[in-house]
Amino acid sequence: MQMSNYTDINAATVDKWVADGWEWGVPVTHETFVRAQSGDWNVVLTPTKPVPHEWFAPHLKNERLDGVKVLGLASGGGQQMPIFSALGADCTVLDYSPAQLESERVVAEREGYEINIIRADMTLRLPFNDATFDVIFHPVSNCYIENVQHVWDECYRILKPGGVLLSGVGNDLNILVWNDVEPLVITETLPFNPLKNPTQREKLIADDAGFEFSHSLEEQLGGQLKAGLRLTHLFDAFNSDGAMAARGIATFIATRAVKE
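Counting from 76, one number per residue, gives the positions in the sequence shown under this note's numbering.
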């Protein structure tokens, strides 16, 4: 296994998950799209808690995003971008999984809207000019890359002044407690970096989990501040099931940041 192409391995892993019915690879239904067109909609950055609609301010007007330039960053799968398209946004989706991007194409064709679909690796310079987007929607995904500061820096670069970055990030508990069942046991150590730790790498291979990385809150939240963004809102969020959710233990954080 070549360590230099871990993002290619992750893309292939996600493709397999999608083929097996992964919940984050199942596109929205036609009925969900139609409801969104009528103003009945929600989107998620983390597994269970919808993003407050006011987080899209000042770009959301009368429950619409007409003409707002939205980037779904590592947001393929035909789940969020169809909703934004139904609200009138000018949407671009970037993902590295061909299967996730195919879902975007299928939904767009089914519902008759246009979307800019780009396959690209977010560990590299993003293929957009400076100050391109009004909103970047970035669900939990940077756990699959080693350097998250690069992503925050790129988000700052491609956001317009006044633009909004909405992100879902992990707090590393899902890594520390690898098996989310009772009794809860901490089995891992931090940092978790399979590129540097062969034991961690073998664990991921055995679980068909691709390459996953821990990131401190200093990297996740402090990294956004370091990039020049201003954090305005956040909330704790939970796994969709498992022992930690049953105990009320948050495993994710959703954030709203702006470029001033």
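Quick caveat, the hints were computed from the structure, so don't treat them as lab data.
The model shown is predicted, which means the values in this text are computed figures rather than measured ones.
Note that CB positions come from ideal geometry on N, CA and C, so glycine has one too.
A few of these clues could be false.
As the list claims (entries may be wrong) - DSBU-like, lysine-lysine: derived pairs with alpha carbons at most 35 Å apart:
1) Lys136 <-> Lys271
2) Lys278 <-> Lys301
3) Lys144 <-> Lys278
4) Lys144 <-> Lys124
5) Lys301 <-> Lys124
6) Lys144 <-> Lys271
7) Lys278 <-> Lys91
8) Lys124 <-> Lys136
9) Lys136 <-> Lys235
10) Lys235 <-> Lys278
11) Lys136 <-> Lys278
12) Lys91 <-> Lys136
13) Lys124 <-> Lys278
14) Lys271 <-> Lys301
15) Lys144 <-> Lys235
Unchecked claim - Here are the computed distance ranges between Cβ atoms for each label pair:
16) Asp115 <-> Thr264: 24 to 30 Å
17) Pro266 <-> Gly96: 15 to 21 Å
18) Thr262 <-> Pro236: 43 to 49 Å
19) Pro236 <-> Glu138: 39 to 45 Å
20) Glu138 <-> Thr262: 43 to 49 Å
21) Thr274 <-> Arg185: 28 to 34 Å
22) Gly187 <-> Thr264: 48 to 54 Å
23) Gly96 <-> Asn204: 16 to 22 Å
24) Asp282 <-> Gln112: 20 to 26 Å
25) Pro127 <-> Lys235: 20 to 26 Å
26) Asn191 <-> His308: 23 to 29 Å
C-beta pair Glu138, Thr262: status relative to the range 43 to 49 Å that was hinted: Given range 43 to 49 Å: holds, Cβ gap about 45 Å.
Lys136 paired with Lys278 [C-alpha distance capped at 35 Å]: violated, 47 Å
Is the Cα-Cα distance between Lys301 and Lys124 35 Å or less? Holds, because 27 Å separates the two Cα atoms, which is no more than 35 Å.
Measuring from beta carbon to beta carbon, are Gly96 and Asn204 in 16 to 22 Å? Cβ of Gly96 to Cβ of Asn204: about 37 Å, so the range 16 to 22 Å is violated.
Holds or violated: are the alpha carbons of Lys271 and Lys301 at most 35 Å from each other? With a Cα-Cα distance of about 25 Å, the restraint between Lys271 and Lys301 holds, given a limit of 35 Å.
Per the hint of 20 to 26 Å, is the separation of the Cβ atoms of Pro127 and Lys235 within bounds? holds, 22 Å
Going straight from one Cα to the other, do Lys235 and Lys278 come out at no more than 35 Å? Violated, at about 41 Å.
Using the C-beta atoms of Thr262 and Pro236, is the stated range 43 to 49 Å upheld? Once the Cβ atoms are compared, 45 Å apart, the range 43 to 49 Å for Pro236 and Thr262 holds.
Determine whether the Cβ-Cβ distance between Asp282 and Gln112 falls within the hinted range of 20 to 26 Å. violated, 40 Å
Hey, Lys144 versus Lys271, does the alpha-carbon distance stay inside 35 Å? Violated. Lys144 to Lys271 sits at ~38 Å, over the 35 Å cutoff.
Given the hinted pair Lys278 and Lys301, is their Cα-Cα distance within 35 Å? At roughly 32 Å apart (the allowed maximum being 35 Å), Lys301 and Lys278 satisfy the hint.
I want to verify a distance hint. Is the separation of the beta carbons of Gly187 and Thr264 within 48 to 54 Å? At 50 Å between Cβs, range holds.
Violation of the numbered hints given earlier is confined to hints 1, 3, 6, 10, 11, 12, 16, 17, 19, 21, 23 and 24; the remaining hints are satisfied by the structure.
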